[in-house]
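Student: As given, the protein sequences belong to chains A and B, one line each in that order.
In terms of my numbering, the first sequence is residues 10 to 180.
In terms of my numbering, the second sequence is residues 10 to 218.
To be clear, the hints were calculated from the coordinates, so they are not data collected in a lab.
Since the structure is predicted, the reported quantities are computational estimates derived from the model, not experimental observations.
Incorrect hints may appear among the rest.
[Said to hold, decoys possible] Quick list of in silico lysine to any residue cross-link-like pairs, SDA-like style, CA-CA up to 20 Å:
| id | chain 1 | residue 1 | chain 2 | residue 2 |
| --- | --- | --- | --- | --- |
| 1 | A | LYS104 | A | ASP148 |
| 2 | A | LYS97 | B | ASN202 |
| 3 | A | LYS97 | A | ILE139 |
| 4 | B | LYS190 | A | THR152 |
| 5 | B | LYS169 | A | ASP131 |
| 6 | A | LYS96 | B | LYS169 |
| 7 | A | LYS50 | B | LYS190 |
| 8 | A | LYS50 | B | GLY122 |
[Stated by the list, open to error] Just a few of them, taken from the derived set where beta-carbon distance is under 8 Å, the chain A residues facing chain B:
| id | residue |
| --- | --- |
| 9 | LYS50 |
| 10 | PRO65 |
| 11 | LYS70 |
| 12 | ASN74 |
| 13 | SER75 |
| 14 | GLU88 |
| 15 | HIS90 |
| 16 | ALA143 |
| 17 | ASP151 |
| 18 | ASP159 |
| 19 | TYR162 |
Glycine residues also receive a C-beta, built at the ideal position from the N, C-alpha and C atoms.
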Amino acid sequence: MVGDQESGHSVVGERIVNVAPGAIEPTDEFGREERSESGAKRAFRRLDAMGGGRAPVARFKPPRNSNEISVNRMGLAPEDHLAEIGKKNAKPLNKSFWGWYILFAGDIEAVGCSVSLSPLADNPYHADIIIPVALDAEDTRDTLIEFARDLAYHARFRPWGDWTKELQAYP
Amino acid sequence: MWAARQWELFKSANNVASIEDHSDVSLKPVSYSIRPDSGVRAWSSISRQFERHMTGDFFAKNLRYASLPSEGGKGNILSFANFSAAVNARKEAWLTDALSELAACPDRAVDEGLDEPSSLGLTKAEALLRQIAGHIEDQPDIYPMDEGSIAIDLRNPDVKSGVLFLIEENGSGALFYHTQKSKGRVRVDDAVNLLGEGRWLEIKRVGIR
């Protein structure tokens, strides 16, 4: 995949997708990729049974020594295109792509976090959720967990792929 | 009025003597009293079960118990003693599921690139789960978190509130609660003590049954 930041176009496979960063609106969606089979299936069963897939708090806890959570800005490209990016991201980790945990920009802001657009050469839709915490504070981990929990409460699972049909057929 | 029909079924199944303010059971809590000859025990705990979420879904979930035959086999009347047993059976059912999820945490941690929980953490988490199951009807989610910790996640998704228990690798624990109006956290040296000092109140406050 080749990203062309200057022209505002991204090339994935044979397709060219328009990228127009613009301002972030409260209704803009950001997706956190799910690469865990067990996590995805559990979230989907919740989605199927209760009409609202729960996101585990762990999925919004930043890596050690970081206060940033990697997401993709949805809505600027078709979902199958974003899913291709998800699959490419999962492959080096020997994982699969299962879907996204979706958050609205307004919800991210409401819990006290912000979004920074951070396009990458191979992913022009990349962004980071920034958690406002000092990394050298005594209670940094607890504060990060609190923000992760608040983000998880607002997130909804959006599965991707045919695997959901299999689960529906054999619950 | 599906919910109203279910309410009528519930009344007859449970020998309910009087009801106040049940004009719209799909939206409001209902106060009620039970005839003294219907095997009532633990009235206060039973009433707590009924004071929230008097919705169609609530009835759908609980009428399964109401349709159980009584121990004496007399028609379909279910005494509240039986109902209480049915609620306990439900708690035990989720405990079985939750313990399976706990047992899967080490594999799941590896799958998700997290540190594996310690056997001490797993033991403490199991003890805490058994305590919670004695009081809570809603099933928590159990999953691995960072630094070898285990999460026991109780939520009230209707209002985006909840209580998150964290059992650390060294056996210590933390409780994070979040209601619509407040949030807070507590850390203890032994995760088994997380529910001490009236912390059940935090769980009740966020609307978890």
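Student: Next, verify each hint and record whether it holds.
Tutor: Here's how the hints hold up against the structure:
no.: 1; hint: LYS104/A <-> ASP148/A; in the structure: violated, 32 Å
no.: 2; hint: LYS97/A <-> ASN202/B; in the structure: violated, 45 Å
no.: 3; hint: LYS97/A <-> ILE139/A; in the structure: violated, 24 Å
no.: 4; hint: LYS190/B <-> THR152/A; in the structure: holds, 18 Å
no.: 5; hint: LYS169/B <-> ASP131/A; in the structure: violated, 35 Å
no.: 6; hint: LYS96/A <-> LYS169/B; in the structure: violated, 31 Å
no.: 7; hint: LYS50/A <-> LYS190/B; in the structure: violated, 32 Å
no.: 8; hint: LYS50/A <-> GLY122/B; in the structure: holds, 17 Å
no.: 9; hint: LYS50; in the structure: violated, 11 Å
no.: 10; hint: PRO65; in the structure: holds, 5 Å
no.: 11; hint: LYS70; in the structure: holds, 5 Å
no.: 12; hint: ASN74; in the structure: violated, 12 Å
no.: 13; hint: SER75; in the structure: violated, 11 Å
no.: 14; hint: GLU88; in the structure: violated, 23 Å
no.: 15; hint: HIS90; in the structure: violated, 26 Å
no.: 16; hint: ALA143; in the structure: violated, 17 Å
no.: 17; hint: ASP151; in the structure: holds, 6 Å
no.: 18; hint: ASP159; in the structure: holds, 7 Å
no.: 19; hint: TYR162; in the structure: holds, 4 Å
Checked against the numbered hints given earlier, this structure breaks hints 1, 2, 3, 5, 6, 7, 9, 12, 13, 14, 15, 16; the rest are met.
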